[in-house]
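K.L.:
Sequence:
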Amino acid sequence: EATHYDRQQCIERSPILTAAIREMGVGDYVRQAFQTARRANPDATLLINDYRTDPAYADTVIKELTDADGKPLYDVIGIQSHMHGGYWGAKRTWDVCETFARFGKPLHFTEVTVVSGPRTDAGWKTTPDGEVRQARQVAEFYTVLFSHPAVEAITWWDFSDQSAWQGAPAGFLRDDMSPKPVYDELMKRIKGQWWTRTTVRTGDGGMAGFRGFLGDYTITVDDGRKTRSGTFTLDKTTTGPVEVRME
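Note that my numbering gives residue 374 to position 175 of the sequence shown, counting from 1, and the numbers run on in steps of one.
FYI, nobody ran anything at the bench for these hints, they're computed from the structure.
Idealized CB from N, CA, C, for every residue including glycine.
Careful: at least some of the hints might be erroneous.
[Claimed, not checked] Under the rule of at most 25 Å between Cα atoms (straight-line distance), these lysine to any residue pairs were calculated in the SDA-like manner: (1) Lys-435 with Ala-407; (2) Lys-387 with Thr-325; (3) Lys-387 with Gly-414; (4) Lys-304 with Trp-287; (5) Lys-270 with Tyr-228; (6) Lys-324 with Lys-304.
[Unchecked claim] If you anchor each label on the Cβ, the simulated ranges turn out as follows: (7) Met-386 with Lys-435: 21 to 29 Å; (8) Gly-429 with Thr-319: 52 to 60 Å; (9) Asp-434 with Arg-335: 16 to 24 Å; (10) Asp-434 with Lys-262: 33 to 41 Å; (11) Gly-429 with Leu-216: 18 to 26 Å; (12) Arg-427 with Lys-270: 41 to 49 Å; (13) Thr-217 with Pro-348: 31 to 39 Å; (14) Phe-409 with Asp-242: 32 to 40 Å; (15) Lys-387 with Thr-426: 45 to 53 Å; (16) Gln-361 with Thr-319: 17 to 25 Å; (17) Ser-428 with Thr-259: 20 to 28 Å; (18) Glu-446 with Thr-235: 45 to 53 Å; (19) Arg-291 with Ile-215: 34 to 42 Å.
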């Protein structure tokens with residue numbers, strides 16, 4: 200059963216869809232597509248996903264994709280960010296987030312590419328300097344996205360350079376499957392800096408406090424005689440103390 204529907208721009212690839220869009224108009228065509236998907240599965244998460252990030256696109260397609268009552272027909276805004284032609288930089292990345300965050304829906308960066316070598320007449324291969332640059336740029340890009348409250352998901356497009364889109368050196372791994380510096384840089388952040396690990400001591404009533412990132416937690420308590428464990432979740436709706444039952 201499909202639980203997620205992903206609408207990508209298909210105008211240039213499908214004559215049938217092109218004809219329908221020309222006849223109905225972009226707005227009505229997209230609106231009908233989302234309404235049809237919603238009827239097929241009311242619980243599905245619907246994304247409006249495109250490579251355009253300009254304000255004009257936001258003010259037309261995104262802003263106008265609503266029902267008769269003005270309610271958005273989508274649940275998430277997808278943003279494609281293939282940077283084969285050059286890294287966006289921190290400011291542009293933040294500006295893109297701000298452009299779409301104003302619609303009040305989560306942002307998913309659905310297709311991320313940052314390359315590790317220049318395109319040349321001899322081909323497109325990873326280089327030592329390019330790998331250092333890729334690691335630095337990706338670390339910055341992910342940090343900006345992680346810090347923006349509207350960003351909910353990031354999807355890297357090519358895990359390795361093998362068969363990468365456009366033949367680009369776009370992976371975390373090289374052709375021989377060895378890790379590039381970007382692999383270690385992201386590992387340090389996602390499983391290190393942004394992964395809460397702490398030790399605290401409980402006070403009166405078994406209460407303990409800490410500062411941590413949103414997510415799922417496992418807690419282990421040792422009273423000197425027995426060790427007990429429990430789980431809990433911190434999300435955007437968490438506003439007060441969380442009770443954890445130990446087993």
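K.L.:
Does the structure keep Lys-304 and Trp-287 at a Cα separation of 25 Å or less?
P.N.:
The hint holds at about 23 Å.
K.L.:
Taking the Cβ atom of Thr-217 and the Cβ atom of Pro-348, is their distance within the range 31 to 39 Å?
P.N.:
Because 38 Å falls inside the window, the suggested range holds.
K.L.:
When you take the CB atoms of Arg-291 and Ile-215, is the distance between them in 34 to 42 Å?
P.N.:
holds (35 Å)
K.L.:
Given the hinted pair Lys-270 and Tyr-228, is their alpha-carbon gap at most 25 Å?
P.N.:
At roughly 17 Å apart (the allowed maximum being 25 Å), Tyr-228 and Lys-270 satisfy the hint.
K.L.:
Between Lys-387 and Gly-414, does the CA-CA distance stay at or below 25 Å?
P.N.:
OK: Lys-387 and Gly-414 at ~17 Å, within 25 Å.
K.L.:
Should the hint that Glu-446 and Thr-235 are 45 to 53 Å apart at their CB atoms be regarded as holding?
P.N.:
holds (46 Å)
K.L.:
Given the hint of 41 to 49 Å, check if Arg-427 and Lys-270 actually sit that far apart at their C-beta atoms.
P.N.:
holds (46 Å)
K.L.:
Confirm or reject the claim that Gln-361 and Thr-319 have a C-beta distance inside 17 to 25 Å.
P.N.:
This hint holds: roughly 19 Å between Cβ atoms.
K.L.:
Given the hint of 18 to 26 Å, is the C-beta distance from Gly-429 to Leu-216 inside that range or not?
P.N.:
violated (51 Å)
K.L.:
Holds or violated: 45 to 53 Å for the Cβ distance of Lys-387 and Thr-426?
P.N.:
Taking Cβ atoms as reference, Lys-387 and Thr-426 lie about 29 Å apart, which means the hint is violated.
K.L.:
Tell me if the straight-line CA distance from Lys-324 to Lys-304 falls inside 25 Å.
P.N.:
violated (38 Å)
K.L.:
Between the beta carbons of Met-386 and Lys-435, is the distance compatible with 21 to 29 Å?
P.N.:
Once the Cβ atoms are compared, 26 Å apart, the range 21 to 29 Å for Lys-435 and Met-386 holds.
Comparing the model with each numbered hint stated earlier shows that hints 6, 9, 10, 11, 15 and 17 do not hold.
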